[in-house]
Every structure is written in C-alpha cells, then in structure tokens.
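Undergrad: Listed in order, the protein sequences are those of chains C and V.
Position 61 of the first sequence, counting from 1, maps to 61 under this note's numbering, and the rest follow consecutively.
Position 225 of the second sequence, counting from 1, maps to 512 under this note's numbering, and the rest follow consecutively.
Careful, some of the hints might be misleading.
Said to hold, decoys possible - Derived list of chain V stretches under chain C, where covered just means 3 residues or more per stretch with a C-beta under 8 Å from a C-beta of chain C:
| hint | segment |
| --- | --- |
| 1 | 338-345 |
| 2 | 383-394 |
To be verified - Distance windows between CB atoms, simulated:
| hint | chain 1 | residue 1 | chain 2 | residue 2 | range |
| --- | --- | --- | --- | --- | --- |
| 3 | V | G395 | C | L19 | 51 to 61 Å |
| 4 | C | A68 | V | R399 | 36 to 46 Å |
| 5 | C | M192 | V | R574 | 51 to 61 Å |
| 6 | C | R89 | V | L533 | 45 to 55 Å |
| 7 | V | G320 | C | A271 | 57 to 67 Å |
| 8 | V | A453 | C | L130 | 54 to 64 Å |
| 9 | C | L84 | V | R296 | 29 to 39 Å |
| 10 | C | I173 | V | A535 | 53 to 63 Å |
| 11 | V | E298 | C | A8 | 53 to 63 Å |
Simulated from the structure, these hints should not be mistaken for lab results.
Note that the Cβ used here is the ideal one computed from N, Cα and C, for glycine as well.
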Amino acid sequence: MRRLPLAAPYLLGSALLVLAPLGLAAALAFTDYFGFRAPEPTGTDNLARLAGDQVFWAAVGTSALVAAVAVPLRLFLAVGAALLLARRRGARTALGRVAAYLPSVVPDAAWALLWLWILNPLYGPLPALLGVLGLPDPGFLTTPWGARLGLVLVMAFQVGEAFVVALAARLAIPSRLHEAVAVEGGSPWFAMTRVTLPLMAPVVLVLAVRDVVVVVQNAFVPALLVTDGGPVDATLTAPLVIYRRAFEYGELGYASTLSVALLVLTGIAAAFPLWLAARLAGRQRVA
Amino acid sequence: MSLVVEGARKEFVARRGARVLALDGVDLEAKPGELLVVVGPSGSGKSTLLRAVAGLESLDAGRVLIDDRDVTGVPAGRRDVALVFQEAALFPHLRVAANIGIGERARGTRRREVETRVREVARALDLEPLLGRMPDELSGGERQRVALARAMVRSPRVCLLDEPLASVDTELRLRMRAEIRAVQRSFGVPMVHVTHDQAEAMALGDRVAVMAAGRVLQCDTPAEVYARPATAAVARSFGPLPMNLLPAADGVILGVRPERLRVCREGRGRPGSVVAVEPSGEECLVRVLPDGAEQDLLARVPWADAPHPGERVVLAWRPEDEHRFDAATGARR
Numbered sequence: 001m002r003r004l005p006l007a008a009p010y011l012l013g014s015a016l017l018v019l020a021p022l023g024l025a026a027a028l029a030f031t032d033y034f035g036f037r038a039p040e041p042t043g044t045d046n047l048a049r050l051a052g053d054q055v056f057w058a059a060v061g062t063s064a065l066v067a068a069v070a071v072p073l074r075l076f077l078a079v080g081a082a083l084l085l086a087r088r089r090g091a092r093t094a095l096g097r098v099a100a101y102l103p104s105v106v107p108d109a110a111w112a113l114l115w116l117w118i119l120n121p122l123y124g125p126l127p128a129l130l131g132v133l134g135l136p137d138p139g140f141l142t143t144p145w146g147a148r149l150g151l152v153l154v155m156a157f158q159v160g161e162a163f164v165v166a167l168a169a170r171l172a173i174p175s176r177l178h179e180a181v182a183v184e185g186g187s188p189w190f191a192m193t194r195v196t197l198p199l200m201a202p203v204v205l206v207l208a209v210r211d212v213v214v215v216v217q218n219a220f221v222p223a224l225l226v227t228d229g230g231p232v233d234a235t236l237t238a239p240l241v242i243y244r245r246a247f248e249y250g251e252l253g254y255a256s257t258l259s260v261a262l263l264v265l266t267g268i269a270a271a272f273p274l275w276l277a278a279r280l281a282g283r284q285r286v287a
Numbered sequence: 288m289s290l291v292v293e294g295a296r297k298e299f300v301a302r303r304g305a306r307v308l309a310l311d312g313v314d315l316e317a318k319p320g321e322l323l324v325v326v327g328p329s330g331s332g333k334s335t336l337l338r339a340v341a342g343l344e345s346l347d348a349g350r351v352l353i354d355d356r357d358v359t360g361v362p363a364g365r366r367d368v369a370l371v372f373q374e375a376a377l378f379p380h381l382r383v384a385a386n387i388g389i390g391e392r393a394r395g396t397r398r399r400e401v402e403t404r405v406r407e408v409a410r411a412l413d414l415e416p417l418l419g420r421m422p423d424e425l426s427g428g429e430r431q432r433v434a435l436a437r438a439m440v441r442s443p444r445v446c447l448l449d450e451p452l453a454s455v456d457t458e459l460r461l462r463m464r465a466e467i468r469a470v471q472r473s474f475g476v477p478m479v480h481v482t483h484d485q486a487e488a489m490a491l492g493d494r495v496a497v498m499a500a501g502r503v504l505q506c507d508t509p510a511e512v513y514a515r516p517a518t519a520a521v522a523r524s525f526g527p528l529p530m531n532l533l534p535a536a537d538g539v540i541l542g543v544r545p546e547r548l549r550v551c552r553e554g555r556g557r558p559g560s561v562v563a564v565e566p567s568g569e570e571c572l573v574r575v576l577p578d579g580a581e582q583d584l585l586a587r588v589p590w591a592d593a594p595h596p597g598e599r600v601v602l603a604w605r606p607e608d609e610h611r612f613d614a615a616t617g618a619r620r
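Bound conformation, chain C alone (with noise of 0.2 Å):
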C-alpha cells in the first residue's frame, strides 16, 4: 500500500482511458445507440444478432487465421534477429539492431502505404522481383488468397518491441551456461535448442500473447488502406467489421457487441500461451 502513491497516476490513466470506455462499451453491448439519441436498452437482442452474424464470424476467421501465421512468423523473425545480434559489439551488429528495430518507429498508415506501392501488381518492386526470378506472382491485392499473404507480410516487419524484448531475453542468460554447453562438445545448433531458447521460452511465449492481440489489432490499418476488406471480403478482419459497424452504418450499440465479443475471443487465444509462461518462468528460477 505504500506504493500507491506512486501508482496513482497510472491507476488514474487506466481507469479514465481504458476501464472506464471498457465498462461503457460493455453496457452499449445490450442496447441500441445510433449516437443521436439516447441508448435504448434492448436486452439480449445483439447477443442474439451476433449469433447469427455471419460476416463477423467470417472476419473472426480471417483474423485467426491471419494471426495464426503472421505471429509465429513475426516471432521468428523478432527472435532470430534477438539471436543473430546478440553477441558480437561493433559497427554491424549496431546497424543490424537498428535495422531490426526501424519499421517499427514508421507510423502505421506510412507503412501501409509504403507497402500498397510495394506489392501493387502494376509497378510494384516484389512482383516484378518474383517475375524476374520466374517465381509465380500470387496477385497480393488481386486474388483473395494474395491478398491475405499481403496482409501477413505488412504485420510480418514491424517487430522492433518484440526484438528488443528478444534481445534483452538473451542477453539475460549468464554466459557460463554456453561456455559450460562448449566445454562439453555440445554444437551450436545444440546449445540454441537445449539450452538459448527454452531458457526464453517464457519470455517468447509473453511476447506470443502480446502479439496475438497486436496482430488481431494492427491488422485493421493496412485491412483498410492496403486491401480494404477485398478482394471479396478475403481480408476483411474483425476491427475492420467493427469498424464498418460502428462509423459507416453508424450502429454503436451493436458495434459494442461485436468489440466485447473480440475482446472476449482474443482473452481466450491469449490466455493459454500466457499459463504456459507462468508455468515454465516458476519452473526456472536462477537461484
């Protein structure tokens, strides 16, 4: 309690910005509210349209599946940075970081644009390179299936926060323990297995579940500035339905539904990788 002092402008912070709009979504869930007049409760009505939503089930779909390869790529991408730039000090080793780190200070909207010209089928730099190579072009803002590969490589490079937690992760592991793995003839490949990345295993698996509620979110600005939900609604994610819900058709009652019931499916996701980490960081306590 003697703490609370200095937590009390962060407690004042969470509590106006996130609890107290969380709490006032999560009472529009069961009315209707057009923003004109006053929210009309209505019951379990939206419960029972969100039911039979089939364009939000769909973009739920989207988005699970979007996460399901666009994390674990990001993840390996942000650890096998964390791993190749953790050693050595010098001049490469510090552009490296740099480099890793830099999407992620481009603003979001900047990003989306910068790759709508990079995989535009007309004058794009990547499928002129994937011609060139004579590799097939999978029409990355044409066809839905291109599209949703689009959608995955903008989230895939904007991994700075989670490389810099990488990296931290590894640098946290005292070095005996890889001398220890060399003097014992143990390979590289051995020592990265057995020893490097179950000791950041729980650290990774925190990042994990950071990344699956960043990916269900971010994927909504290059949802709308890349692809804008097409080709056929291919990638038209959750936040994008939402979106749509709350300020084209202007339903903000239902559109609360819909973000209660994301927030709600996205705790769920998240909720397993984040025992795991519990469990195995209790497991490995440095004494």
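Keeping the supplied structure of chain C fixed, place chain V upon it in accordance with the hints.
TA: Same frame as chain C, now just chain V:
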C-alpha cells in the same frame, strides 16, 4: 593422464586500448592423478589460465598439452576436459539428472546409456535422492556437488575447478574440500583447482602454484612453499599470515613468519613498542613497531603472553626461522 602448459602468454585489450598481460609466460604441469591448486589474488591470471586450458580462451603464445597431445588449437568441446564453474552453472530449466547428463547428450550418447552413467556417478556422490529436483530446489553445496558430478560423468582427462567454493559458507566449504579431495582420489583424474583462498590451497593441493601478475612464482608442495618460499612475494602471499619482511644490510631482506616471531619482555633482540593487540581465537595477533623502523611487524602469541598496547618489548627469533631474500629481485638467497 596429465596436463602441461608451456610458455602461455595472453594479453587483453582493456577499455581505452590499455593492455593487460593476463598470462606472462606461464609453465605448469599437473601430473597423472595429481590435485594441483593454482592460488593467487584476483587479477593474477589464474582464471585466464584455467579458461585457456579449457579452450574457452585462446593463447597469444605457448602450448597446452593434454596426455602429450597438443590441444592448443583444438576447440573446447574436443579437449576432453571438464570444467566446474564458480556458481555451478547449472541449467535452471533442467532437472538434476538432465544437468548431469547434458554433456553426454550433447556428445550424442544414447539416452539409455546416459541414464546408466548418471545413476553411477550420482551414487558415487550421494546425489541419487536429488536426481528429480530442479536446480532452484538445491542448497549451495548440493549445487556444487551436482556440478562436480556433471564434470565426472564423462571421465575427463583433466578436471578444472574455477573457485568452486567461493560462494559457499565457511562450514560447508570445509566439508566440500574433503569431498573434492575424495572425488579426485576415487576417479584418479588430474585436477586443477583455482582459488584465492590460501587455506584452501594448503589443505587441498598435492602441489600449489602461486601466481601473481600473470606469472607462476613458485610451484611445489604446500609444505615446501610454506617452509621455503621462492620469493618475498610468495612469502607475503602464501600462508595463514603474511611473512614479516625487514630490510637488512648488503641488499638483503630478512623474513620471519609471525608464527615464529617471539615477543619477549626482556633479553636480546630488536626493541620496539606494541602498537596493537588483536584477539584471534586461542591466540592473539600483536603488532610491534621496532625502534627506528617504518613498518610494524606481526607476531602470533598465546593469550597468556599477550602484551598491552604501548608496552616496551623485545622481538626475537631463532636463526633457523630466518628467511633471506634479495632486496632488488625478491628472490630467495
């Protein structure tokens, strides 16, 4: 099974380009079945020497031979040496059994065979009840015993210990000393044990190598190093108390151990006055400033004979307790 180090040199570039000579031409030999203790203050190069033998550090010059095979350029994993680290370096995510067996697994031994080996070594070291525990469920002494078991499981050609008892409390340290000794005897493997603790070096070593500033000053049995220190620096650094050194005529420094210095009320010898009296268990340490000298001398005397601070006394010693060193080089004369 033996270890030879010849002319080992290693220079580090510290911050701002300053150069530190960690090893300055070190020659050393651990004979088959021998427990060699390398003792020296921190920064004397003893840990660098050990890491160079293990292959974790490269040498600028010199050779490392294990069983007459030159392993100077051989990577750590192929030298067939075991290393016990100061903080045990157990893998926090593995149970004790897996920690002991990890080296065998790393070298590709079959799981079944590893289990058998781990069980054998665990039995020899009384670790069987701990095999299913996680490292954070072990006490400090148990952790070091597991580290010792991990070193022994492969029957290494040489076993290296880097201050394994530095972070263990006094009582346990005394017991672990005996345990290390027993393990070394029963496995018959040459051990090189690095420590800054004089008492540990004296108690444990078949021979001790006294290091300072990247050089081995003397390498002999503990009794011989104590009785006949090769240099004034060894005389100061090795033994329960530093040797008293007194400048004498003809470029000679006289040395007398505090244990052999007698503090008399009268008689022949050097007169002086008592500066301080410190209790030290059964005995006490007396500091005496001889008349006209700048440096006070240390004497260990029984409580009953303890003088009072400020008292006038006479310092005496037997001629055979006198050591003589060259004032310029510090070498024994």
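Undergrad: Any hints from earlier that this structure breaks? Give me their numbers in increasing order, please.
TA: none
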